[in-house]
Every structure is written in C-alpha cells, then in structure tokens.
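J.: The chain contents come next:
Number of protein chains: 2
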Amino acid sequence: MMQQVYFHQDSRRGPHGTYNWLVDEVKELGEALEGNNIGALEDEFADVIAWVASLANILDVDLEKAALSKYRGKCPKCGETTCQCAPVE
Amino acid sequence: MMQQVYFHQDSRRGPHGTYNWLVDEVKELGEALEGNNIGALEDEFADVIAWVASLANILDVDLEKAALSKYRGKCPKCGETTCQCAPVE
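Those protein sequence lines, which keep their order, are chains A and B.
Counting in the working numbering, the first sequence runs from 1365 upward without gaps.
Counting in the working numbering, the second sequence runs from 1365 upward without gaps.
I should point out that these hints are in silico values taken from the structure, not numbers from a laboratory.
A few of these clues could be false.
Which copy is meant is left open, so a pair is good if it fits within one copy or across any two.
[Claimed, not checked] Within a straight-line C-alpha distance of at most 20 Å, the following computed EDC-like cross-link-like pairs (lysine to aspartate or glutamate) qualify:
1. 1441 to 1426
2. 1438 to 1389
3. 1434 to 1388
Isolated chain A (complex conformation):
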C-alpha cells in the first residue's frame, strides 16, 4: 500500500534520507508519549509505521515476511509462546 502511494518519492530520496525521517518520527512518538492525547499518539504510531514501510520498500525488504519469520507467535530467544526470558528493563 505505501509502495503505491510513496515509492516514486521514497526511491528518489534514497535510504539514508528516508531513515532520517523515520528517526524524526520516532522522536515525535516519544513526545506524544508525554502527552495525554490518544489521537495524537495513534497519529504518531501511524507515521512511524509509514516510514518503516517506506524504508523497507526502498530496500526491497518484505516487512511482514521479515517480522513473521523472526517472531511467528513465539520469542526467537527462548522459543516459548509466552516469553520466559529474563525481563529486560
């Protein structure tokens, strides 16, 4: 979906420029965490996902396949469907 809408612009910008946009959107998500506005938070999550998808499109990475092949219903470290690893803070 993001490929159809943005690929012509994303591919022209290239991976480094697109990555910099992703970093900016992650910062904005962090700022939205400080607020109390669920709409603003959803909006920033949408932007982060959009820029991750744009970056994956440029690099010809299948995002869904990458995520599912590592995390298909279980933790890749302990192999359990409810992760039993020592908690990370």
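With chain A held as given, fit chain B onto it using these hints.
T.: Only chain B this time, still in chain A's reference frame:
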C-alpha cells in the same frame, strides 16, 4: 501476536522503558543500513516492528487500525493514491 508473547514483560517495563528499546533498535537498523547484509537488515526491521508493536500494546493502541485510518491507500496530505505532494528530502 506480540501481545501474547511479550505483554507480561512489556507492561511491567512500562512505556518509557519500552520506548527506549525501540530507539535502540532504530539505531541498530541505521547501522544495518551501512552494511551489505540483507539478512541482518531484515532482522533489524523485524526488531523495530516488534518494539513498535510492544509499545502500542502497552498503550492499548491498535497499530493496524491507526496506520490504516491515516494511510488507507492514499496520502493523508494530498489525498491522492500516488502522492502528488512536493517531495521531502
């Protein structure tokens, strides 16, 4: 899916700690961009998506709904299915 595997740990860690992990994974994705290893790149994309999903789960944000409601097959700024906005660098 990520909710079943990690929610017990994510909710204990809380939004700020989880956000910090997301920032670290985005940095690792940036490092993988410099390399030439498609497997490493896919692995980092998977981790970024996993931490975005973990953060959304803690905050009770429906990630798919948030992304689709903003970007359902068209650019939210110009409204076109192939974005016609001025390119951003």
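J.: Look at each hint and say if it fits the structure.
T.: Hint by hint, here is what the structure shows:
no.: 1; hint: 1441 to 1426; in the structure: neither (22 Å within a copy, 26 Å between copies)
no.: 2; hint: 1438 to 1389; in the structure: between (28 Å within a copy, 19 Å between copies)
no.: 3; hint: 1434 to 1388; in the structure: between (26 Å within a copy, 18 Å between copies)
Violated hint: 1 only; the structure is consistent with all others.
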